[in-house]
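Engineer: Given next are the chains, with one letter for each unit.
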Amino acid sequence: MEDEQSFSDICGGRLALQRRYYSPSCREFCLSCPRLSLRSLTAVTCTVWLAAYGLFTLCENSMILSAAIFITLLGLLGYLHFVKIDQETLLIIDSLGIQMTSSYASGKESTTFIEMGKVKDVVINEAIYMQKVIYYLCILLKDPVEPHGISQVVPVFQSAKPRLDCLIEVYRSCQEILAHQKAASASP
Amino acid sequence: MVLKAFFPTCCASADSGLLVGRWVPEQSSAVVLAVVHFPFIPIQVKELLAQVHQAGHVGLAVLGTWCHRRQGAEERLGPFLEGLGAIFSHEPWLQLCRERTSGLWSCKATCQQGPARVKDQVMLVFYDQRQVLLSQLHPPAALPDRQAGDAAASAEGLAAVFDTVARSEALFRSDRFDEGPVRLSHWQSEGVEASILAELAKRASGPVCRLLACLLSLISAASACRVFKLRPLSFIWSKLAVCGQLGHRLEQLELVFSTQKAEKPAQLMRKANVLVSVLLDVALGLALLSWLHGKDRIGQLAEALVPVADHVAEALRHLLQWLMGAPAGLKMNRALDQVLGRFFLYHLHLWISYVHLLSPFIEHILWHVGLSACLGLTVALSTLSDIIALLTFHIYCFYVYGARLYCLKICGLSSLWRLFRGKKWNVLRQRVDSCSYDLDQLFIGTLLFTVLLFLLPTTALYYLVFTLLRLLVVAMQGLIHLLVDLVNSLPLYSLGLRLCRPYRLAGTLPSSQPA
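First to last, the protein sequences are chains A and B. Positions 1 to 188 (the working numbering) are the ones given, in order, by the first sequence. Positions 1 to 515 (the working numbering) are the ones given, in order, by the second sequence.
Simulated from the structure, these hints should not be mistaken for laboratory data. This one's a predicted model, so the numbers in the text were calculated from it and none came from an experiment. Built from N, CA and C at the ideal position, the CB exists for glycine as well. Each statement offered as a hint is correct.
One-sided excerpt, in silico: chain A residues whose CB lies under 7 Å from chain B:
{"no.": "1", "residue": "Asp-94"}
{"no.": "2", "residue": "Ser-95"}
{"no.": "3", "residue": "Glu-115"}
{"no.": "4", "residue": "Gly-117"}
Make a model of the complete structure from these sequences and hints.
Structural biologist: In structure tokens, the structure reads:
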């Protein structure tokens with residue numbers, strides 16, 4: 001079962017949340033971030049080239065211009081491959097684990113998988129981020145030494161940064177599955 | 001917990017048969033390793049499982065049945081498959097089924113005992129056996145006490161699944177071209193994967209390692225003999241950087257060529273890193289050697305060395321003349337200044353005469369020392385650092401004289417300062433006590449104190465200048481040592497593995513989209 005809804009992130013950009021319910025014990029949430037805007041790309045390129053042209057008029061060395069073109073290209077490739085995240089996915093499978101995938105604009109995908117045995121809970125936390133107070137969803141991991149302690153807090157959807165309404169949807173679904181998992185593990 | 005069945009992707013197109021694998025009760029998961037095809041004799045299947053159990057200490061069992069059929073052929077196989085459940089009893093008994101034409105899957109798990117007859121949910125997880133084995137994600141198998149039976153109690157969670165696959169390598173050794181009693185389907189059933197070069201290297205590595213280990217033990221025995229433990233030789237040995245580097249390399253080579261097999265993947269990685277860094281070192285050293293010996297560069301270097309030493313001595317002489325005058329506008333004590341300046345100038349003169357004495361032999365020395373580059377770039381760099389230390393020995397001597405004078409002056413000043421205030425250092429009690437001095441003691445003490453105090457700026461200036469020079473030399477040597485350490489300790493093998501085969505260093509599971 002697929003479902004698509006549109007939300008907004010903390011800066012006001014548009015996000016699209018796709019929910020897929022594969023089965024009662026397996027759900028997937030896919031957040032698509034806004035694409036790279038042509039306006040910002042043009043602005044950055046123009047700034048870099050104007051600066052290079054200014055340096056060229058000072059130094060009369062044409063290597064500066066070719067270097068500027070080179071830097072712009074490399075910078076764009078690096079940005080697309082290492083920085084710009086297109087889509088973030090959260091896949092939660094009962095009694096197996098939680099998987100988070102980030103796919104970059106160049107096509108690279110990086111996944112993190114957390115076993116269900118290590119997951120203590122999924123909560124929404126508040127944080128002070130520059131001059132804003134934002135909400136973020138995070139996964140709490142169990143401490144192997146202390147039974148009631150938390151060893152690590154793993155934030156989810158870090159580059160999409162959705163607002164509270166989107167987070168509540170994801171949170172509800174995750175809690176259903178976690179409750180199901182806890183009920184199953186309590187009764188052998 | 002939901003029952004999880006881990007199924008290998010290579011068996012999805014295999015013919016019908018029995019599922020063979022391991023049941024992990026803590027995770028409530030069944031790890032399927034291979035499919036045994038019809039016809040088979042149950043005794044032989046059980047023998048095969050016992051063999052694999054002995055080889056890898058992992059308890060395998062027949063987990064269920066696998067049925068890959070056309071539509072409508074269900075009626076013939078149904079009761080036959082259920083009869084198999086009676087021969088190989090296992091809790092729970094899996095029944096996986098796939099339609100050939102439509103590709104639909106169905107899984108069922110039944111328990112003979114227990115409250116629920118048929119489990120309601122079975123989760124089928126596909127895993128790629130080849131990737132699991134290649135990524136070497138399995139935890140170390142060495143346990144202090146190996147008991148018969150499952151020794152994988154320490155592997156938790158999904159690591160138990162990978163551990164199972166890794167330990168059952170004996171099961172994957174036969175392919176479909178082997179004439180064995182039992183016909184299996186697994187990731188290597190189309191033909192065992194191996195590389196000719198890797199196999200040849202493995203066969204050759206045994207005798208080569210033994211030979212090299214013998215040679216290295218001979219060398220280390222020779223270097224540990226009593227002659228080198230005597231005072232002057234051992235002192236020189238400890239001061240030269242080359243000897244330190246050679247000793248370090250010898251240790252590393254002994255580690256690499258030791259006939260003991262590496263127990264853990266971490267140890268194997270370390271050995272591989274050391275080997276690759278030694279090879280790179282030697283390659284760079286040989287390149288340096290060929291560059292040095294071509295176009296008579298050694299001769300040019302030797303010719304340039306003596307004028308450079310002269311130039312440095314000239315610069316030092318200027319510096320001393322400057323100190324003997326009024327350096328930076330400070331007013332020095334004329335007598336002490338002249339004494340110290342003349343002393344250092346004479347020392348410099350001795351040093352330059354010594355260098356000029358050596359100048360005919362420098363080319364030969366350099367040529368022979370340059371040959372040491374064939375042992376590696378690090379050895380060549382250590383030699384360079386030693387040469388710099390030897391050539392700037394006069395700066396070191398100046399620093400020592402200046403430091404000693406300054407130290408004596410400070411000691412004298414502090415003790416006379418205490419006398420000036422009427423106190424004394426109590427050596428027994430390690431503290432400052434008051435003391436009543438005689439008048440003549442006080443008089444001479446105060447006199448000496450003033451003398452030392454007014455001579456302090458001169459000595460302090462000489463000390464400062466020579467310490468700065470020494471620091472310069474030490475900084476240069478430090479840079480060279482840093483470079484040597486970099487070449488020594490950079491894990492090139494791991495870096496290369498990260499770039500070319502990143503799955504070998506994976507820390508978590510590489511998963512993909514669910515079907």
